[in-house]
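Protein sequence lines, in the order shown, are assigned to chains A and B.
Take the first sequence: its position 111, counted from the start at 1, is 312 in my numbering, and no numbers get skipped.
Take the second sequence: its position 237, counted from the start at 1, is 303 in my numbering, and no numbers get skipped.
By construction, these hints were calculated from the structure, which means they are not laboratory data.
Ideal placement from N, C-alpha and C gives every residue a C-beta, glycine not left out.
Warning: the hint list may mix true and false statements.
To be verified - Away from chain B, derived, C-beta distances all over 10 Å, residues of chain A:
#	residue
1	Phe-216
2	Ile-224
3	Phe-260
4	Gln-261
5	Gln-268
6	Val-277
7	Val-297
8	Gly-299
9	Asn-338
10	Trp-354
Said to hold, decoys possible - To give an idea of the interface, some chain A residues facing chain B are shown, with a C-beta separation under 7 Å as derived from the structure:
#	residue
11	Gln-217
12	Arg-219
13	Leu-223
14	Arg-256
15	Lys-306
16	Glu-337
17	Asp-353
What the hints assert, rightly or not - SDA-like cross-link-like pairs, simulated, lysine to any residue; straight-line CA separation at most 20 Å:
#	chain 1	residue 1	chain 2	residue 2
18	A	Lys-211	B	Glu-294
19	A	Lys-211	A	Val-297
20	A	Lys-211	B	Asp-265
Chain by chain, the residues:
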Amino acid sequence: MTASIDPVPKEARHFQGRRAGLISRGLSAGVDIAVVAASMAAIYVGFSAVLFLYRPSRFQLLTPSWQVTIAVGYIVLTIYLTWSWRSAGRTYGCHVMGLRVVDRKGQRLGLAAAFLRAVLCGIFPLGLLWVAISRENRSIQDLILHTSVIYDWDIRPRIRG
Amino acid sequence: MEEPRPRPPKVVDAVLGVAAIPILAAASVTREIARAVAPIGHVVLHPPLIDKRLHPARVVDMLADRGRRARLNAGDDLNRLVAAVVPAAVEEVLNTLDLNGIVRERVDLDGLVASVDIDAIINRVDIDEVVRRVDVDAIVDRIDLDIVAKRLDVDAVADRVDLDRIVDRLDLDKIVARVDIDAVVDRVDLVALAEQVIDGIDLPEIIRESSGSMASEVVRDVRIQSIEADERVAHIIDRLLRRRRARHTDAPGEPESLGGGPTKVDS
């Protein structure tokens with residue numbers, strides 16, 4: 202005998218599947234930026250450790266220029282977003298905020314769409330602000346690629362009693 | 067009770083006695099004369115030597131016969147007259163009389179009723195025979211049960227029923243033993259029932275509270291508050307832009323949290 206339990210709280214059920222607003226998506230983007238920053242820090246520490254192990258006597262801390270930092274950050278962000286949207290439909294920021302990115306059919310993004318969206322988000326992050334103005338809660342990137350960011354709280358694993 | 071009749075005064079009796087004397091004397095003289103004249107009358111009525119058909123007695127008999135017929139005719143006429151007049155007269159008399167008043171004044175009804183032995187009357191009545199003669203079906207057919215039911219105060223009847231006493235007299239074990247529990251269970255939609263119970267007690271909330279960590283609670287609160295903030299920001303922007311219609315936020319497809327199927331609980 203099987204009974205259904207909706208894991209989503211009552212107050213949030215009504216919003217599931219609807220396009221998310223500016224605050225949720227902004228907080229999600231903030232978490233993603235933090236993830237990218239942490240990733241870059243990890244890359245820096247890792248790269249420095251490799252250099253230290255390779256030539257310990259001549260080792261000194263790297264001091265990359267801001268152009269290099271931005272370029273690396275942009276690459277890391279693009280890879281991170283593309284991989285997240287393609288594989289899970291959501292980044293870690295989306296996971297925390299209970300959001301998911303879908304295409305015009307409501308399906309997970311393909312690799313090309315995920316990559317293009319990641320590139321556009323990196324080039325023009327302020328396009329997110331259009332969510333507040335759009336009648337359909339869409340950002341500039343969503344309008345270009347016909348994508349949507351919806352409330353979709355993660356599902357808990359099967360519970361056996 | 068019968069009241070004694072008033073006795074007339076003695077003077078009246080004396081007057082009547084005086085008046086009776088000549089009457090009695092005349093009657094005695096008449097009887098003597100008749101006795102003396104009787105042989106003469108016989109000779110006169112039956113003269114000898116004359117044919118019997120010519121005897122004066124025959125004439126007397128004929129006259130007597132005619133007189134008797136006349137008397138009888140007169141009696142019939144009188145009877146007809148009485149039959150015609152008496153009922154009308156009696157009716158008129160009865161109409162003028164207050165018989166009820168007369169009975170009330172003259173008749174001792176209490177005494178009369180007291181003298182009646184009602185027990186003896188009842189003992190002489192064959193109640194079984196009376197009941198046997200009653201057509202109960204006909205009586206029931208004439209009763210309008212709807213009207214009776216409308217006039218019936220069911221609440222009052224229910225108030226007078228001692229349910230506790232009735233329940234005490236019930237053998238619940240015997241009743242339960244006769245119930246086919248399996249059939250009852252088969253007819254119950256347990257899945258729907260379980261869903262109703264789960265929906266009523268908000269089981270997901272209980273599971274979340276029992277198994278969720280502080281971090282997940284914080285995340286859930288942040289999500290809910292961010293949704294509310296989204297709604298608020300959208301409302302403010304729409305008011306600033308003088309939008310009258312609500313936003314169209316329905317997205318294609320079905321969210322995994324709903325369409326992906328809710329969490330199953332196997333039991």
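Comparing the hints with the structure gives:
Not every CB of chain B is more than 10 Å from the CB of A/Phe-216 (nearest about 5 Å), against its label as outside the interface. Look at A/Ile-224: its CB is around 4 Å from the nearest CB on chain B, not clear of 10 Å, so calling it non-interface is violated. Non-interface status of A/Phe-260 relative to chain B is upheld: no Cβ of that chain comes within 10 Å, the nearest being about 39 Å off. No Cβ of chain B approaches the Cβ of A/Gln-261 within 10 Å, the least distance being about 40 Å, so the stated non-interface status holds.
Non-interface call for A/Gln-268 relative to chain B: holds, since the shortest CB-CB distance, roughly 35 Å, exceeds 10 Å. Every CB of chain B is more than 10 Å from the CB of A/Val-277 (nearest about 25 Å), matching its label as outside the interface. For A/Val-297, the non-interface assignment is contradicted: its Cβ lies about 6 Å from the closest Cβ of chain B, within the 10 Å cut-off. At the 10 Å boundary, the C-beta of A/Gly-299 falls inside the reach of chain B, the nearest C-beta of that chain being 5 Å off.
At roughly 5 Å, the least C-beta separation between A/Asn-338 and chain B is not larger than 10 Å, which violates its mark as non-interface. A beta-carbon of chain B comes within 10 Å of the beta-carbon of A/Trp-354; the shortest separation is about 5 Å. A distance limit of 7 Å between C-beta atoms decides the matter here; for A/Gln-217 the minimum to chain B is near 5 Å, and the interface restraint holds. For A/Arg-219, the suggested interface contact is upheld, since its CB lies about 4 Å from the closest CB of chain B, less than 7 Å.
Checking A/Leu-223 against chain B by beta carbon gives a least distance of about 5 Å; that is within 7 Å, so the hint holds. Taking 7 Å as the C-beta contact cut-off toward chain B, the hint placing A/Arg-256 at the interface is violated, the least distance being around 42 Å. Hint status for A/Lys-306 relative to chain B: holds, with the closest Cβ pair at about 6 Å, below 7 Å. Hint status for A/Glu-337 relative to chain B: holds, with the closest Cβ pair at about 5 Å, below 7 Å.
A distance limit of 7 Å between C-beta atoms decides the matter here; for A/Asp-353 the minimum to chain B is near 4 Å, and the interface restraint holds. In summary, the hint linking A/Lys-211 to B/Glu-294 is supported, as the alpha carbons are separated by about 14 Å, within the 20 Å threshold. About 19 Å separates the Cα atoms of A/Lys-211 and A/Val-297, which keeps this hinted pair within 20 Å; it holds. Only pairs whose Cα atoms come within 20 Å are accepted, and A/Lys-211 paired with B/Asp-265 is accepted, the gap being roughly 10 Å.
Checked against the numbered hints listed earlier, the structure breaks hints 1, 2, 7, 8, 9, 10, 14; every other hint is satisfied.
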